[in-house]
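Peer 1: Please model the complete structure; the sequences and the hints are all you need to start from.
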Amino acid sequence: SQQGEEDPQALSIQEGENATMNCSYKTSINNLQWYRQNSGRGLVHLILIRSNEREKHSGRLRVTLDTSKKSSSLLITASRAADTASYFCATDAQGGSEKLVFGKGMKLTVNP
Amino acid sequence: EAGVAQSPRYKIIEKRQSVAFWCNPISGHATLYWYQQILGQGPKLLIQFQNNGVVDDSQLPKDRFSAERLKGVDSTLKIQPAKLEDSAVYLCASSWTSGSFEQFFGPGTRLTVL
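So the protein lines, in turn, are chains A and B. Numbers given in our numbering equal positions in the first sequence, counted from 1, plus 530. Numbers given in our numbering equal positions in the second sequence, counted from 1, plus 23.
You may find that some hints are simply not true.
Here chain A is said to cover these stretches of chain B; the calculated rule only asks that three of the stretch's residues, wherever they fall, bring their Cβ under 8 Å from a Cβ of chain A [unchecked claim]:
(1) 65-72
(2) 113-122
(3) 128-134
The calculated DSS-like cross-link candidates involving lysine-lysine, where the alpha carbons are at most 30 Å apart (straight line), are [to be verified]:
(4) A:K599 <-> B:K38
(5) B:K34 <-> A:K600
(6) A:K634 <-> B:K34
(7) A:K637 <-> B:K94
(8) B:K94 <-> A:K634
(9) A:K629 <-> B:K101
(10) A:K586 <-> A:K600
(11) A:K629 <-> B:K106
(12) B:K38 <-> B:K67
Since the hints were made in silico from the structure, they are not lab data. These numbers come from a predicted model, not from an experiment. Ideal Cβ placement from N, Cα and C applies to all residues, glycine included.
Peer 2: Following this line, the structure appears as structure tokens:
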């Protein structure tokens, strides 16, 4: 079963614009991770945020986590054509086997 | 550092045939995962190994799928017999250990069942 749901399912923007993706989940978590998948590099880990953290930065990426709303957002600033990919949130539910459950993903297209 | 290796990259078989996939994780990674990713969906965990023991195989269709991780390093995933709905990309991933650690994914094996 899929825990996370990304929103929107698809987003098309121009290079240089910011892209925001949202993820909602259902059960309490230990951490939430964001991954990117494109045909060139496969599935790659972007950032991990733990349940006791509210915000985290990594380069042009900013992730927020609101455990009271069971939601997270991923912001990519100053987007580039190379950011074109599918983005997935994945959650590690509390009390389970620490396995990751991935959402269905969101397709981001950055037009040059 | 070498990444996660998988083979073959592509496989086409007919239904009811058997197929096997191989994975070599990053050296030193204790945890190994096999995921199934159907087109348009996120990866779904099939089985998780910690060293050579199974941690979670709750979503593995055990009537046709099997996996092993001999000596806690390489792993193989087998499907016997294959069904049309098994057409998917099979991803192998590894991490230092289970829990709150990033997973490193291999390039995947794209399986087409005709």
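Peer 1: Check each numbered hint from earlier against the structure, then list the numbers of those it violates in ascending order.
Peer 2: 4, 5, 7, 8
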